[in-house]
Amino acid sequence: MKNTWWFQRFTDYADRTFLVEGDTSYNYAALTERIEAYHAAFTESGLQAGDVVALQGDYTLNGIAALFALFGLKAIVAPITATSPSERTLREEAAQAQWLVQAQQELSIQPIAATSAPHDYVVRLKQTQHPGLILFSSGSTGTPKAMIHDVENLLAPFAHKRARRLCILIFLLYDHIGGLNTLFNGMATGAKIVVPASRDAHVVAQAIETHKVKLLPASPTFLNLFLMSGAAERYDLSSLRFITYGTEPMPESLLKRIKQQLPDTALIQTFGTSETGITQTISRSSESTLIKFDDPNTEYKIVDGELWMRSKSQILGYLNHEMSRFTAEGWFMTGDLVEEAQDGFLKITGRREELINVGGEKVTPSEVESVLLEMPEVADCLVYGEPNAITGHNVAAKIVPHAESDPRKLKRLIKQHCRQQLSPYKVPVRITFVDEAIFGERFKKLRRPTQTN
Amino acid sequence: MATNREQVLQIILETLHELGEDLELPELLTADENTRLFGARSALDSMNLVNFIAEVEERVSEDIGVDILLANQNAMSMTHSPFRKVASCTDYALTLINKEEQAAEA
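Residue numbers (our numbering), protein chains in the order written: chain Y, 1349 to 1801; chain F, -16 to 89.
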């Protein structure tokens, strides 16, 4: 383990601050020390290279040290953050885990009786002596798809990163490709990583002020909440140089509001999938949702409006699902719909399965949401398709209003606003007012997929 | 007590007047029982018909307290579409409402 590039890198950064966890901070020397201690504990328990480990943890010193100690052992790690026992069991089973490691507080290591022979991909990783990472598809119900990465490939792009002095705030989840990518990038460059005590907008803003955070990776849904909360006015966010956003389309109107509120912060779009990893991109400007892929490890093409990708860091395959979204040539059909702009720039407009077919005309929820969010009366919204006997489907919207108002009047006002900005078939036919959250724990809109009949 | 035809007609006409204002369709402002809704020489195109129907369904639900589905497969396959005129639409909506009301009483 000590001869891996990442362990050497962490050793070089010894005196730098690594992690701020609530009120406690640790330097990189504390990290390497903890990784070594855990590595020894795992070895002593009999955990070996190629073993599949379900890892319950979080972005804490223990959680991160356990992850890297397992990588160092060439184990195959399935990070799990689900809190319900049934969801955890589903994931442990999908991964065919042989060990359960808990690294939230005290380290606990327990063997799990194997129910079946190891999967071919697991055998292959064991033979090549490469560590592995198992991630799960999010969002859908039922058994999550378990996908397996070769960690050597996944970490390779970070090996050439140079040291920087960056302070990054992480609140994305521990089992998510975007969160892990931010973590790996930060650690490769010797960054200080700040983990806020909670994901509440005010707590996040206070952490930015206190620790002079420079980079905030977030989802558009979170950024909308952040603006709504008034946290940006209450705290000094002048240290914030970059906000990166991704995981769902950014409404143009929201991007504009963020820029107004934080004029000195660069707003950069990121792009990635659990299957192909995060791809380096260039945003045309802070005011633009246009991006260009600029990554030597990734190829892309657009087929019938859908983005297809092929990357050096893509998954070996799924453990419990067929490779139907990969072509024989290794292209991954992302399901993301894109429009081509000039000079090789692209605009990501939405997910293929979320596209609403209104009498043959296609509507992407994000363009309607962007128009709705222009209205001061609308705090948040969610656009989806519902079956309609005349047009097959129609556009529907759930709206979180800013203040109490007469629903009938507000509905009329919203439709009037939409009619001015959108083609008639894109105007929401049905509008319902909700006050509960319309996003999940990943701060990503929970869109009900349009039903096909 | 069963909903009467007058109540339903009023909901439909109010909806049409409002749509007339919002969509700038003057013929809807003077709509009455004989106004043609959908088909040749009618006031509404298909998207506006969809909006009209959704609005009537919502108002029936809010004002009368009964949930109906005006645009259903049955209505679509009827030889004489209930959406040709305001009068036929009113009759059709009333039938659906009364059916729901009877079901609730039984």
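Keep in mind that the hints were calculated from the coordinates and are not lab data. We put the CB at the ideal spot given by N, CA and C, even for glycine. Among the clues, some could well be false.
The list that follows gives simulated cross-link-like pairs (lysine to aspartate or glutamate, DMTMM-like), each with its CA atoms no further than 20 Å apart [to be verified]:
{"no.": "1", "chain 1": "Y", "residue 1": "Lys1757", "chain 2": "F", "residue 2": "Asp28"}
{"no.": "2", "chain 1": "Y", "residue 1": "Lys1350", "chain 2": "Y", "residue 2": "Glu1369"}
{"no.": "3", "chain 1": "Y", "residue 1": "Lys1710", "chain 2": "F", "residue 2": "Glu(-3)"}
Quick list of the computed label-pair ranges, beta carbon to beta carbon [claimed, not checked]:
{"no.": "4", "chain 1": "F", "residue 1": "Glu(-11)", "chain 2": "Y", "residue 2": "Ser1485", "range": "49 to 57 Å"}
{"no.": "5", "chain 1": "Y", "residue 1": "Ser1434", "chain 2": "F", "residue 2": "His0", "range": "30 to 38 Å"}
{"no.": "6", "chain 1": "Y", "residue 1": "Glu1784", "chain 2": "F", "residue 2": "Arg(-12)", "range": "54 to 62 Å"}
{"no.": "7", "chain 1": "F", "residue 1": "Ala87", "chain 2": "Y", "residue 2": "Glu1454", "range": "57 to 65 Å"}
{"no.": "8", "chain 1": "Y", "residue 1": "Glu1784", "chain 2": "F", "residue 2": "Asp50", "range": "20 to 28 Å"}
{"no.": "9", "chain 1": "F", "residue 1": "Asp15", "chain 2": "Y", "residue 2": "Arg1767", "range": "24 to 32 Å"}
{"no.": "10", "chain 1": "F", "residue 1": "Asp74", "chain 2": "Y", "residue 2": "Val1782", "range": "50 to 58 Å"}
{"no.": "11", "chain 1": "F", "residue 1": "Ala87", "chain 2": "Y", "residue 2": "Glu1435", "range": "26 to 34 Å"}
{"no.": "12", "chain 1": "F", "residue 1": "Gly22", "chain 2": "Y", "residue 2": "Gly1578", "range": "49 to 57 Å"}
{"no.": "13", "chain 1": "F", "residue 1": "Glu88", "chain 2": "Y", "residue 2": "Arg1547", "range": "30 to 38 Å"}
{"no.": "14", "chain 1": "Y", "residue 1": "Gly1683", "chain 2": "F", "residue 2": "Gly22", "range": "48 to 56 Å"}
{"no.": "15", "chain 1": "F", "residue 1": "Asp74", "chain 2": "Y", "residue 2": "Gln1690", "range": "55 to 63 Å"}
Cross-check of the supplied hints:
As the CA atoms of Lys1757 of chain Y and Asp28 of chain F are separated by approximately 24 Å, the hinted pair breaks the 20 Å bound. At most 20 Å may separate the alpha-carbon atoms for a hinted pair to count; Lys1350 of chain Y and Glu1369 of chain Y exceed this at roughly 25 Å. At most 20 Å may separate the alpha-carbon atoms for a hinted pair to count; Lys1710 of chain Y and Glu(-3) of chain F exceed this at roughly 31 Å. Take Glu(-11) of chain F and Ser1485 of chain Y: their Cβ atoms lie about 55 Å apart, and the range 49 to 57 Å holds.
Evaluation of the 30 to 38 Å hint for Ser1434 of chain Y and His0 of chain F yields a failure: the beta carbon distance comes to about 53 Å. Checked against the hint of 54 to 62 Å, the pair Glu1784 of chain Y and Arg(-12) of chain F fails, with Cβ atoms roughly 39 Å apart. The hinted window of 57 to 65 Å between Ala87 of chain F and Glu1454 of chain Y holds, with their beta carbons roughly 59 Å apart. A C-beta distance of roughly 22 Å is found between Glu1784 of chain Y and Asp50 of chain F, which places it inside the suggested range of 20 to 28 Å.
Remark: the range hint 24 to 32 Å for Asp15 of chain F to Arg1767 of chain Y is upheld by a beta-carbon distance near 25 Å. Between Asp74 of chain F and Val1782 of chain Y, the C-beta spacing of about 35 Å breaks the proposed range 50 to 58 Å. Against the hinted window of 26 to 34 Å, the Cβ-Cβ separation of Ala87 of chain F and Glu1435 of chain Y comes to about 40 Å, which falls outside the hint. The supplied range of 49 to 57 Å is met by Gly22 of chain F and Gly1578 of chain Y, whose beta-carbon atoms lie about 53 Å from each other.
In this structure the hint that Glu88 of chain F and Arg1547 of chain Y lie 30 to 38 Å apart at CB is violated, the actual value being about 50 Å. About 40 Å separates the C-beta atoms of Gly1683 of chain Y and Gly22 of chain F, a value inconsistent with the hinted range of 48 to 56 Å. At roughly 56 Å, the beta carbons of Asp74 of chain F and Gln1690 of chain Y sit within the given window of 55 to 63 Å.
Checked against the numbered hints given earlier, the structure breaks hints 1, 2, 3, 5, 6, 10, 11, 13 and 14 and satisfies all the rest.
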